[in-house]
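J.: Each chain, written out:
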Amino acid sequence: MELKTKIHAEKDKQELIITREFDLPLELLFKAYEDPEIVAQWMGTKVIKLENRTHGSWRYETAYEGQVVFAANGVILDFIPNQKITRTFQMEQSSFPVQLEFFEFEALSDTRSMLRMQIVFKSVAFRDQLLQMPFAHGLSMAHDRLQDTVKSLK
Amino acid sequence: MNLRRDVFQAIADPTRRAILTLLATQAMTAGAIAANFETARPTVSKHLQILSECELLNPQQNGREIVYHLNPNKMKEVADFIAPFAKMWDERFNTLESIMKNYNKQK
Numbered sequence: 001m002e003l004k005t006k007i008h009a010e011k012d013k014q015e016l017i018i019t020r021e022f023d024l025p026l027e028l029l030f031k032a033y034e035d036p037e038i039v040a041q042w043m044g045t046k047v048i049k050l051e052n053r054t055h056g057s058w059r060y061e062t063a064y065e066g067q068v069v070f071a072a073n074g075v076i077l078d079f080i081p082n083q084k085i086t087r088t089f090q091m092e093q094s095s096f097p098v099q100l101e102f103f104e105f106e107a108l109s110d111t112r113s114m115l116r117m118q119i120v121f122k123s124v125a126f127r128d129q130l131l132q133m134p135f136a137h138g139l140s141m142a143h144d145r146l147q148d149t150v151k152s153l154k
Numbered sequence: 155m156n157l158r159r160d161v162f163q164a165i166a167d168p169t170r171r172a173i174l175t176l177l178a179t180q181a182m183t184a185g186a187i188a189a190n191f192e193t194a195r196p197t198v199s200k201h202l203q204i205l206s207e208c209e210l211l212n213p214q215q216n217g218r219e220i221v222y223h224l225n226p227n228k229m230k231e232v233a234d235f236i237a238p239f240a241k242m243w244d245e246r247f248n249t250l251e252s253i254m255k256n257y258n259k260q261k
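Residue numbers (this note's numbering), protein chains in the order written: chain A, 1 to 154; chain B, 155 to 261.
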């Protein structure tokens, strides 16, 4: 099945471009990034802080069975409603270096919109490493943490 | 050995990659595959087991022997190692889309 989300990862480049067209007007797409309650719903994480302004900061925390399994934070460098968000992204409790993320929002029509997300990594190797651990951003960290816990019990 | 049977973990091993290459053109029995390697037969069997568990190979009983076939669909998935990453984002964005569609209706 053809995915609506396209990932462009050119060989030997330390960046990743994710594009997606939404069957949503631009304002609604942007709102899904702006409103902490909505972010929490679709990202499946708790939004601890989301200061939507230049030099604001953000922090997400994901818990699984009462235990924090994933946390990430960063600063917001640029915030222009319905146009763009530029921010840093850093996973906590991880040696993975900070990423720079550019989000560009664009209206395709009154009812359709597009998101272009560009992620810049510290090195090509780190980019490739992230691609190979597909769920680095999300819930299956819970799964890994669970495995570690089980291992430490042995 | 009780590792998570992950496709990417499976293809990380050079012997397993060699087995997949070998089977690309023809199905083979475990014995015929093992004959191509200097590695001990039980080690090759272990590799075949791992590759079968992550569905990269389809083992088919043929009389007393097991013939291993490459599973082209699974291989296609691996060929594009970005696939799982793309799938994760796609599912996440699908959720976003449906949440915002409902949000719009509520207004």
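Check each hint, because a few of them may be wrong.
[Said to hold, decoys possible] Straight-line alpha carbon distances no greater than 27 Å define the calculated BS3-like cross-link-like pairs of lysine-lysine that follow:
1) K4/A - K200/B
2) K241/B - K4/A
3) K241/B - K31/A
4) K6/A - K200/B
5) K241/B - K13/A
6) K255/B - K122/A
7) K11/A - K255/B
8) K31/A - K255/B
9) K49/A - K31/A
10) K255/B - K6/A
11) K259/B - K31/A
12) K11/A - K241/B
13) K31/A - K200/B
14) K122/A - K200/B
15) K241/B - K255/B
16) K255/B - K228/B
17) K49/A - K122/A
18) K49/A - K84/A
19) K122/A - K11/A
20) K228/B - K46/A
21) K255/B - K4/A
22) K4/A - K84/A
23) K228/B - K84/A
24) K4/A - K46/A
25) K49/A - K11/A
26) K46/A - K200/B
27) K84/A - K13/A
28) K200/B - K11/A
29) K255/B - K84/A
30) K11/A - K46/A
Hints listed in this document are in silico derivations from the structure and should not be mistaken for laboratory results.
This structure is a prediction, so every number in the text was calculated from the model and none was measured.
J.: So, for every hint listed, does it hold in this structure?
T.: To see whether the hints hold, each was checked on the structure:
1. K4/A - K200/B: The given pair, whose Cα atoms are some 38 Å apart, is violated under the 27 Å limit.
2. K241/B - K4/A: 9 Å, holds
3. K241/B - K31/A: 23 Å, holds
4. K6/A - K200/B: 36 Å, violated
5. K241/B - K13/A: Distance ~21 Å between K241/B and K13/A Cα, so the pair holds.
6. K255/B - K122/A: 37 Å, violated
7. K11/A - K255/B: Between K11/A and K255/B the Cα gap is close to 37 Å, so the pair fails against 27 Å, i.e. violated.
8. K31/A - K255/B: 12 Å, holds
9. K49/A - K31/A: 16 Å, holds
10. K255/B - K6/A: 22 Å, holds
11. K259/B - K31/A: Status holds; Cα separation ~15 Å.
12. K11/A - K241/B: 20 Å, holds
13. K31/A - K200/B: 51 Å, violated
14. K122/A - K200/B: Given pair K122/A, K200/B is violated - Cα atoms ~38 Å apart, limit 27 Å.
15. K241/B - K255/B: Given pair K241/B, K255/B holds - Cα atoms ~21 Å apart, limit 27 Å.
16. K255/B - K228/B: 34 Å, violated
17. K49/A - K122/A: 25 Å, holds
18. K49/A - K84/A: The hint holds at about 19 Å.
19. K122/A - K11/A: Given pair K122/A, K11/A holds - Cα atoms ~15 Å apart, limit 27 Å.
20. K228/B - K46/A: 35 Å, violated
21. K255/B - K4/A: 17 Å, holds
22. K4/A - K84/A: 21 Å, holds
23. K228/B - K84/A: Cα-Cα ~38 Å, so violated.
24. K4/A - K46/A: 26 Å, holds
25. K49/A - K11/A: Between K49/A and K11/A the Cα gap is close to 35 Å, so the pair fails against 27 Å, i.e. violated.
26. K46/A - K200/B: The given pair, whose Cα atoms are some 42 Å apart, is violated under the 27 Å limit.
27. K84/A - K13/A: Within the cut-off at roughly 23 Å; holds.
28. K200/B - K11/A: 33 Å, violated
29. K255/B - K84/A: OK: K255/B and K84/A at ~21 Å, within 27 Å.
30. K11/A - K46/A: 34 Å, violated
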